[in-house]
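Student: The chain contents come next:
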Amino acid sequence: GAGVSQSPSNKVTEKGKDVELRCDPISGHTALYWYRQSLGQGLEFLIYFQGNSAPDKSGLPSDRFSAERTGGSVSTLTIQRTQQEDSAVYLCASSDFSGAYNEQFFGPGTRLTVL
Amino acid sequence: LAKTTQPISMDSYEGQEVNITCSHNNIATNDYITWYQQFPSQGPRFIIQGYKTKVTNEVASLFIPADRKSSTLSLPRVSLSDTAVYYCLVGPPLSGGYNKLIFGAGTRLAVHP
Chain A
1 GAGVSQSPSN KVTEKGKDVE LRCDPISGHT ALYWYRQSLG QGLEFLIYFQ
51 GNSAPDKSGL PSDRFSAERT GGSVSTLTIQ RTQQEDSAVY LCASSDFSGA
101 YNEQFFGPGT RLTVL
Chain B
1001 LAKTTQPISM DSYEGQEVNI TCSHNNIATN DYITWYQQFP SQGPRFIIQG
1051 YKTKVTNEVA SLFIPADRKS STLSLPRVSL SDTAVYYCLV GPPLSGGYNK
1101 LIFGAGTRLA VHP
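Those protein sequence lines, which keep their order, are chains A and B. When you line the first sequence up against my numbering, it's residues 1 to 115, in that order. When you line the second sequence up against my numbering, it's residues 1001 to 1113, in that order.
Please note that the accuracy of each hint is not assured.
[Stated by the list, open to error] The list that follows gives simulated cross-link-like pairs (lysine to aspartate or glutamate, EDC-like), each with its CA atoms no further than 20 Å apart:
| id | chain 1 | residue 1 | chain 2 | residue 2 |
| --- | --- | --- | --- | --- |
| 1 | B | K1100 | A | E44 |
| 2 | A | K57 | A | E68 |
| 3 | B | K1100 | A | D56 |
[Unchecked claim] Only some residues are given here: those of chain A computed to face chain B with a beta carbon under 8 Å:
| id | residue |
| --- | --- |
| 4 | G28 |
| 5 | D56 |
| 6 | P61 |
| 7 | N102 |
| 8 | E103 |
| 9 | Q104 |
| 10 | G107 |
| 11 | T113 |
Please keep in mind that the hints were generated in silico from the structure rather than gathered at the bench. Quick caveat, the model's predicted, so the values are computed rather than measured. Ideal Cβ positions, reconstructed from N, Cα and C, are used throughout, including at glycine.
Given the sequences, and given the hints that come with them, work out the whole structure.
Tutor: Take a look at the structure:
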C-alpha cells in the first residue's frame, strides 16, 4: 500500500519568507509526528498529532513554527519568517498503535534550504 | 526519557557480521528497545524491537541482557546495501499508545567491498 508522502521534496526559500510543508500519512493512521533533521544529525521531535489535536507540541522551536491536521489525515507544517537556521530536512511519520511493534512509518522528508 | 549512547561510526566489509552496541542505563521497566535504520535521503525505517533476551527477524538480531542497560544489534553477513545510519531508541512503552521517539546521533555504518 501507499506509504507516507511529503511535498515538496525540496524547497528553497529566502530568509523572511513563509513556507508550508505537507504530509500525507498512511490511510487510517491516527497518529502523526513531525521531526526535523539537520545535516549529519539525529532527528529532533517537533510535534505529535492524535487525530486532529496536538497533545504534544513541546518540540516546536519557536512561535514561528505551527502545524495543523485536518480530517484526521493531511498535516501541514508552517514556518513563518524563515531563518537560515531553519534549513534542515523535515520528516513526517505516522502510526496507528495497532501494529505489533507500534512503529512509526516515515516519509522521505522535505529538504528546506533558507538562503 | 532515557538517553542512549552508541558509537558514532563503524566500518566493516562485505560478508562480515556487524555488532552495534547501545547503552541505555536509565531505561524504564516498561519500555521496549527499538532500532531504526536510515539510508541517505530517506526517512528512518523500523528494523527490530525487543524487551529482553534475544529477538531475531529476517534482517537482524537484537540481544538484550537481563539488566536491560544495553542492547546489541547484530547484522549477519553485511552487504554494501547495509551502509546506513542505525539508531537505537528507548520506547515505545509496553502499554502501547503514544511514544515520542528520541533519536540520538546514531551509528554510521560503512560497509566496504
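Student: Would you check whether A/Q104 satisfies its interface hint, that is, whether its CB is within less than 8 Å of any CB in chain B?
Tutor: 6 Å, holds
Student: Please verify that hint: A/E103, Cβ, nearest Cβ of chain B, below 8 Å or not.
Tutor: 4 Å, holds
Student: Interface hint check: A/G107, Cβ to nearest Cβ on chain B, cutoff 8 Å. Holds or violated?
Tutor: 6 Å, holds
Student: Is the interface hint satisfied for A/N102? The criterion is a beta-carbon contact with chain B at less than 8 Å.
Tutor: 4 Å, holds
Student: Closer than 8 Å between Cβ atoms is the bar; does A/G28 clear it against chain B? Give me holds or violated.
Tutor: 16 Å, violated
Student: Between A/K57 and A/E68, is the straight-line Cα distance small enough, at 20 Å or below?
Tutor: Roughly 11 Å separates the two Cα atoms, so the pair holds.
Student: Would you settle whether the hint for A/P61 is holds or violated, based on the nearest Cβ-Cβ distance to chain B being less than 8 Å?
Tutor: 15 Å, violated
Student: Between B/K1100 and A/E44, does the CA-CA distance stay at or below 20 Å?
Tutor: 10 Å, holds
Student: Under 8 Å is the threshold here; is the Cβ of A/D56 close enough to any Cβ of chain B for the hint to stand?
Tutor: 6 Å, holds
Student: Within 20 Å, alpha carbon to alpha carbon, are B/K1100 and A/D56?
Tutor: 9 Å, holds
Student: Can you verify the interface hint for A/T113: is its Cβ closer than 8 Å to any Cβ in chain B?
Tutor: Check failed: Cβ of A/T113 comes no nearer than 14 Å to chain B, outside 8 Å.
The structure is inconsistent with the numbered hints 4, 6 and 11, although it conforms to all the rest.
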